[in-house]
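Participant: All chains, full assembly: derive it from the sequences and hints.
So the protein lines, in turn, are chains A and B.
Our numbering applies: residue 272 is where the first sequence begins, and numbers increase by one.
Our numbering applies: residue 13 is where the second sequence begins, and numbers increase by one.
Simulated from the structure, these hints should not be mistaken for lab results.
Virtual Cβ for every residue (Gly too), placed ideally from N, Cα, C.
Hints should not be assumed to be uniformly reliable.
Listed next, with one range per pair, are the computed distances between beta-carbon atoms [claimed, not checked]:
1) A:SER642 - B:ASN86: 22 to 28 Å
2) A:PHE282 - B:GLU79: 19 to 25 Å
3) B:GLY74 - A:ALA354: 31 to 37 Å
4) A:ARG640 - B:GLY81: 47 to 53 Å
5) B:GLU79 - A:GLY467: 57 to 63 Å
6) A:LEU389 - B:GLU79: 43 to 49 Å
Sample of chain A residues lacking proximity to chain B, with all beta carbon distances greater than 12 Å (derived) [said to hold, decoys possible]:
7) SER296
8) ARG302
9) GLY310
10) PHE324
11) ARG331
12) VAL337
13) LEU357
14) PHE500
15) HIS779
16) GLU780
17) GLY883
18) PRO926
19) ALA945
20) ARG1043
21) ILE1082
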Amino acid sequence: MSWLRRLINTFRPGRLHRDIDRELSFHIAERADQLEAQGLSAEEAARRARIQFGNPIVQRERTRDVDIAGWVDDVVRNVRYAARTLARVPGFTTTVVLTLALGIGANTAVFSAIDAILLRPLPFPDSDRLVRILQKNSRSTETPVAPVRLEDWNQLNSTFEGITGFYTEDVSETSADLPEQLRRAYVAPRFFEVWGMTPALGRGFTQAEHQPGGPAAVVISNRYWRRRFAADRDVLGKLVRVAGTTAPIVGVMQPSFRFPDPDVDAWFPRVNDQITRFRQATWYTGIGRLEAGVTLAQARADLAAVQTRLGEQYPDSDRDITVLLEPLKETIVGRYRASLWLLFGGVTALLLITCTNVAALLLSRATQRRSEVAIRLALGGSRTTVAAQLLTETGVLALTGSALGLAVAAIVGAALRSLASDVPRLDEISIDGRLLLYSLASACVVLLLCGLMPVIRTARNGLASTAQDAGRTQVSTRSAIQWLLVGTQVALSVTMLSGAGLLVRSLHELSRVDPGFEPARVLSFRVSGNYAEFGDYTRLLKRVDTALEQLRALPGVEASATTFSAPGVPTGFQVEFELVEGRGNQGARMVAESRVVSPEYFETLRIPLLEGTLCRRQARDATELMVNRAFADRYLAGRPSVSGFHLANPSANVPPGRIAGLVGDVRESGLNQAPGPTVYFCSSAQGPTPYFLVRTQGDPAAIVQAVRMKLKELEPLRAVYDIAPLETRIGDAFEQDRLRTTLLALFAATALSIACVGLYGTVSYAVSRRRRESALRLALGALRRDIVRQFMIQGLRVAGIACACGLVLSITLARALSGMLYGVSPLDPATLSSVAGIVLVVTTLAALIPAARAAFVQPMRALRED
Amino acid sequence: MSASKNDILQGTLTLLVLKSLATSKRMHGYAITTHVQRVSADLLRVEEGSLYPALHRMEQQGWLKSEWGLTEKNREARFYSLTARGRKQLALEEESWARFTEGVGRVLRYV
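Facilitator: Below you can see the structure in the form of structure tokens.
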């Protein structure tokens, strides 16, 4: 424990000194007594005792050195000295600390998002073993899985601990006075077991609760428990009345369990009844838990083998099906990966820029301190001591900067959370040990990047280049490094600006796109419903159609329609069709986007009818379809008319539909997707909760209340939810793009301003060093503009070269952006050249101010000064 | 002071301090110097400047422990005493001293 004692002593120097002094003076006193006893006078005895003992200060120091931890003492002394020195130059210190806080803070904030979203495991036990399972047949994109097939997979596989599944629906909960929208997940057996989660209160579902005729049960989410039951601990056994059925609450989940989405309110056990045997059903999103040690590839091979066997057993329904496995984490956060790393690249460049900037500041400060260092070396200070001391100073700056940076990160993190509310897992961001460690690590990197060079240069400058020259008439050869640093800053800002510029251009292009329909003045919303309504499909259709009629009758409403998926919002459902020509003559394969809309859809969204007639509502036997121009051009080219052809969907168990007419091309699957061949099925409701679209004469938001009142009048037990103007909905679909662009632009602007400050500082420095030279030249008759030109050329040459380097760098890195751009090439010359132009103009201004100052030197005063 | 008095060879100071403390229960620094001087019949003399750093180092190493107390003359002094580890160290140092003197003796006796 002696090191501990020494450490304590190091931080209590006063007490240690007192103790040693007491001990030593006792010794001297005893010695004096002895000498006095030998016959010396008291005075003489004391004198001799002291002489014999030696220099008491040296003795004390030697004794003290044994009692303390030497290096700690050095560090403490260096830190104290650094703090004192830095306090004497508040301007410099503030600039450096704030710059570093900004750089480290932005970096830490983005890292915290990456850490929470991408790096940390999902908040479930052994979450790396959870996978999402979907199916796919050769004619369609991925689809949910039939319950019975999910059960087969679960029984026949040998690599999973369990496979379960779920689907969600929005229903209304009517146990209170007013109906309330409730998002419920219907879950397959083993649901909570596969997650490895148990309810915080109560229990999960029993096997009996999944059987027909078994007891009803519901597990509610923590959120719903707080909202609806005020976190009552006696909630178990209370009834939830949903969509005409009641179920007792058997459990309350833990707050961290919010799956399938954060809005889920309750989980219901799906009963395995007659319908669940239907192998064509596409219901469940499968979730599986791999056995420990099983790789994804093994599981994939295993399920593929299982499915091959099922294909032999049930050739009609299963032969064509392949199983799709994906790590669950990928499903949840995968689409944010590219954006986050892009932003991280941006903030890392920003941090580099701040580092070079601080390095330049430290260098110029080191130059100012050359004589101090020279004197210290001359007086016998070792280079190591001087270097350690300078490094400590930078360390103090870096640590203060990173501490402040954590505060910046907390603010930026809060801003991120409010800006990007739909990004999953953002609420898991917290300032914890990992983040602390990260910002400490960045401080160390900063320390090495900006601290080492000035330190090495200062400590190397030996006695030779001491105070004698005092920077008299030197031409600034020494500032080559400064120029290099400034150049780096400018080059990196050019790269960041190019990236941001391309993203801005891409968003701009996107906003100029003609979607093919008019999203303005359209209100969209949904009305709660549930899949049980499919039991009486005619009634479901009647309900939706009645609602549509009533809505149309509202004053201020021009048209109303329903659609299964919101237009202009990225979704996709590709289906393969077959053209039925003449007598069952099977035609070519046609892959097209499939959409289910009510016939008024085209009128409501102002999509032009180009040919034929509008389709009629789906009747039992005769389905009517519309196709778009792209479909006609690709698959029906050269035919006089599209109407009258029949399209069959081989994967669905429905009769072929008749094409009634041709409509204009619409960017249905997102504004960034060129319209592809599309087939519209005319039906008001494919699902229980289609989107309602209402075209209004005025502001769509103004009609919300009237719509709600009308629907309440019609069906008081249904909840209206998810209300938003269509334009907002389409805009929200590109929220991630917008956020990413805004942030990158912000970082790039910050980078450019820091680089400008750096350039300004460096030119100012050059100007001040060559003040005498300028003054002399002016005195000898040089024109002011020559002086200005001289400094400007120096500054601009560096800016120009840096610009070129930055552009080369952006062209090299452009590929990283290519997946994020719409309508702009990653090498877009217009963007790159305007970025270069902007940077050149701004840097010219930054160099002009100090250069102009050089020209207005009073020659006589400047020459007399030294 | 006089040149006849041997200054203590570096390294033997530890041995002398340990041995002195082993013979009596506790001693302050001054008492150790007088003890060594007296017992060695004035042949050895502890250099006062080296004593205290040595005492403190030995305490850091856990061979000694110290406490403040009063002397007979009612002065405050720091008293040192031997710890168990100090006793072990003493045995080691005595042994190595014996080897050392024996070695030196053999060299000197060799003709």
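Participant: Determine for every hint whether it applies to the structure shown.
Facilitator: Taking the hints in turn, this is what the structure says about them:
Hint check: A:SER642 to B:ASN86, Cβ distance near 57 Å, so the stated range 22 to 28 Å is violated. Between A:PHE282 and B:GLU79 the C-beta distance comes to about 23 Å, which sits within the given range of 19 to 25 Å. Evaluation of the 31 to 37 Å hint for B:GLY74 and A:ALA354 yields a pass: the beta carbon distance comes to about 36 Å. A:ARG640 and B:GLY81 have their C-beta atoms about 52 Å apart, which keeps the hinted 47 to 53 Å range intact.
Range check, B:GLU79 to A:GLY467: Cβ separation about 60 Å, and the 57 to 63 Å hint holds. Checked against the given bound of 43 to 49 Å, the beta carbons of A:LEU389 and B:GLU79, roughly 60 Å apart, lie outside it. In this structure A:SER296 is not separated from chain B by more than 12 Å, as the shortest Cβ-Cβ distance comes to only about 10 Å. Distance to chain B contradicts A:ARG302 as a non-interface residue, since its nearest Cβ pair spans about 7 Å, not more than 12 Å.
Look at A:GLY310: its CB is around 16 Å from the nearest CB on chain B, clear of 12 Å, so calling it non-interface holds up. With a minimum CB-CB distance of about 5 Å to chain B, A:PHE324 fails to clear the 12 Å threshold, and the non-interface call is violated. Look at A:ARG331: its CB is around 9 Å from the nearest CB on chain B, not clear of 12 Å, so calling it non-interface is violated. At roughly 4 Å, the least C-beta separation between A:VAL337 and chain B is not larger than 12 Å, which violates its mark as non-interface.
Every C-beta of chain B lies more than 12 Å from that of A:LEU357, the closest at about 35 Å, which supports listing it as non-interface. At roughly 64 Å, the least C-beta separation between A:PHE500 and chain B is larger than 12 Å, which holds for a residue marked as non-interface. Against chain B, the non-interface label of A:HIS779 holds: every CB pair exceeds 12 Å, the least being about 72 Å. The claim that A:GLU780 lies off the interface holds: its Cβ sits roughly 74 Å from the closest Cβ of chain B, which is beyond the 12 Å cut-off.
Every CB of chain B lies more than 12 Å from the CB of A:GLY883, the least distance being 100 Å, so the non-interface label holds. The beta carbon of A:PRO926 is kept farther than 12 Å from every beta carbon of chain B, the shortest such distance being approximately 95 Å. The Cβ of A:ALA945 sits about 79 Å from the closest Cβ of chain B, beyond the 12 Å cut-off, so the non-interface label holds. With a minimum CB-CB distance of about 55 Å to chain B, A:ARG1043 clears the 12 Å threshold, and the non-interface call stands.
Every beta carbon of chain B lies more than 12 Å from that of A:ILE1082, the smallest distance being close to 64 Å; the non-interface claim holds.
When the structure is compared with the earlier hints, violations turn up for hints 1, 6, 7, 8, 10, 11, 12 and for no others.
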